[in-house]
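Trainee: Each residue of the sequence shown is one higher than the one before, starting from 1 at the first, in the working numbering.
Wrong hints could be hidden among the right ones.
Unchecked claim - Listed below are the simulated BS3-like cross-link pairs for lysine-lysine, each with C-alpha atoms no more than 25 angstroms apart in a straight line:
| no. | residue 1 | residue 2 |
| --- | --- | --- |
| 1 | K195 | K174 |
| 2 | K154 | K208 |
| 3 | K88 | K131 |
| 4 | K152 | K208 |
| 5 | K88 | K130 |
| 6 | K174 | K131 |
| 7 | K152 | K130 |
| 8 | K77 | K131 |
| 9 | K154 | K195 |
| 10 | K174 | K88 |
| 11 | K77 | K165 |
| 12 | K77 | K130 |
| 13 | K195 | K143 |
| 14 | K131 | K143 |
| 15 | K154 | K130 |
| 16 | K195 | K130 |
| 17 | K208 | K174 |
| 18 | K131 | K154 |
| 19 | K88 | K152 |
| 20 | K195 | K131 |
| 21 | K130 | K174 |
| 22 | K165 | K143 |
| 23 | K152 | K195 |
| 24 | K88 | K143 |
| 25 | K174 | K143 |
| 26 | K174 | K213 |
| 27 | K130 | K213 |
| 28 | K208 | K195 |
| 29 | K152 | K213 |
| 30 | K77 | K88 |
| 31 | K195 | K165 |
| 32 | K152 | K131 |
| 33 | K213 | K143 |
| 34 | K152 | K77 |
These aren't lab readings, by the way, just hints derived from the structure by calculation.
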Amino acid sequence: MRFELSAAAGAATSLLALPMAAQAGTITLDRSCYVEETAMVVTGSGFRPGSDVTLSGDGAFATVTADANGAFQAPVKVPINPTIGAAKSDLRTYTLEAQDFGDATQTTSAQYQVTNFAVEGPRGVRSPRKKGTWRFAGWPAGKAIYGHFRFKGKTYRNYRFGTPKGPCGLLSAKAPLLPARLRYGTWRLQVDQRKSYRSTTRPAYRNKITIFKTFR
Numbered sequence: 001m002r003f004e005l006s007a008a009a010g011a012a013t014s015l016l017a018l019p020m021a022a023q024a025g026t027i028t029l030d031r032s033c034y035v036e037e038t039a040m041v042v043t044g045s046g047f048r049p050g051s052d053v054t055l056s057g058d059g060a061f062a063t064v065t066a067d068a069n070g071a072f073q074a075p076v077k078v079p080i081n082p083t084i085g086a087a088k089s090d091l092r093t094y095t096l097e098a099q100d101f102g103d104a105t106q107t108t109s110a111q112y113q114v115t116n117f118a119v120e121g122p123r124g125v126r127s128p129r130k131k132g133t134w135r136f137a138g139w140p141a142g143k144a145i146y147g148h149f150r151f152k153g154k155t156y157r158n159y160r161f162g163t164p165k166g167p168c169g170l171l172s173a174k175a176p177l178l179p180a181r182l183r184y185g186t187w188r189l190q191v192d193q194r195k196s197y198r199s200t201t202r203p204a205y206r207n208k209i210t211i212f213k214t215f216r
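Take the sequences, apply the hints, and build the full model.
Mentor: This is the structure:
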């Protein structure tokens, strides 16, 4: 006695025998670059309804519970950047992984960059009037950066360095160490994104520049 099974029928039988794979969730971040130790907002979708999700990686950590639709939104503290500079080479790329606590096979991830909030003045210049490279990182893009050079409580120059660009707010500009009339002693520098000096402006970077008189 012979039994024959057509190819079409066999394919249908095989498809019915396969278990359906669980749908993997996805996560998105509200930005592609962050200043260290600020907060990122993570949005998730496609997870099991009511599941506990762990968000972790490269020093970041948080837990969140998906809602009835398998979605969530949660703040996560951005990890530190181990560098202190403002150059492009000081950026770090990290990965945030989302894992269903009840099903370790359900994982997804997203990458992002971390920058410092930093200002670097010219290095190795012998004269405060000679131009060197200033670098800025972590500043809101699209709005000019100004340096307010103050001496003994008076502002002598509001200097426009330029406009930071890109998701990490980077700027490289050529400018003197002291773009103001030379006075020996300690200057106070405030860098912000306001045309004129105001002590309450935020965000702001502050430092001191000491100009010495040398004798030859």
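Trainee: Under the criterion that the straight-line Cα-Cα distance not exceed 25 angstroms, is the pair K174, K213 satisfied?
Mentor: Roughly 24 angstroms separates the two Cα atoms, so the pair holds.
Trainee: Straight-line Cα separation of K152 and K130 no greater than 25 angstroms?
Mentor: holds (23 angstroms)
Trainee: K77 and K131: Cα distance at most 25 angstroms?
Mentor: violated (38 angstroms)
Trainee: Quick one, are K195 and K130 close enough, alpha carbons at most 25 angstroms?
Mentor: holds (23 angstroms)
Trainee: Please work out if K130 and K213 have their alpha carbons no farther apart than 25 angstroms.
Mentor: holds (16 angstroms)
Trainee: Do the alpha carbons of K208 and K195 lie within 25 angstroms of each other, as the hint requires?
Mentor: Holds - the C-alpha atoms of K195 and K208 are around 20 angstroms apart, at most 25 angstroms.
Trainee: Given the hint that K131 pairs with K143, test it: the Cα-Cα distance must not exceed 25 angstroms.
Mentor: holds (23 angstroms)
Trainee: Quick one, are K154 and K208 close enough, alpha carbons at most 25 angstroms?
Mentor: holds (14 angstroms)
Trainee: Verify the proposed pairing of K154 with K130, using a straight-line Cα cut of 25 angstroms.
Mentor: Within the cut-off at roughly 23 angstroms; holds.
Trainee: Does K208 pair with K174 here, judged by a C-alpha cut-off of 25 angstroms?
Mentor: holds (19 angstroms)
Trainee: Are the Cα atoms of K213 and K143 separated by 25 angstroms or less?
Mentor: violated (36 angstroms)
Trainee: For K152 and K213, compute the direct alpha-carbon distance and say whether it is at most 25 angstroms.
Mentor: holds (17 angstroms)
Violated hints, listed in ascending order, are 8, 12, 19, 33, 34; each of the other numbered hints is respected by the structure.
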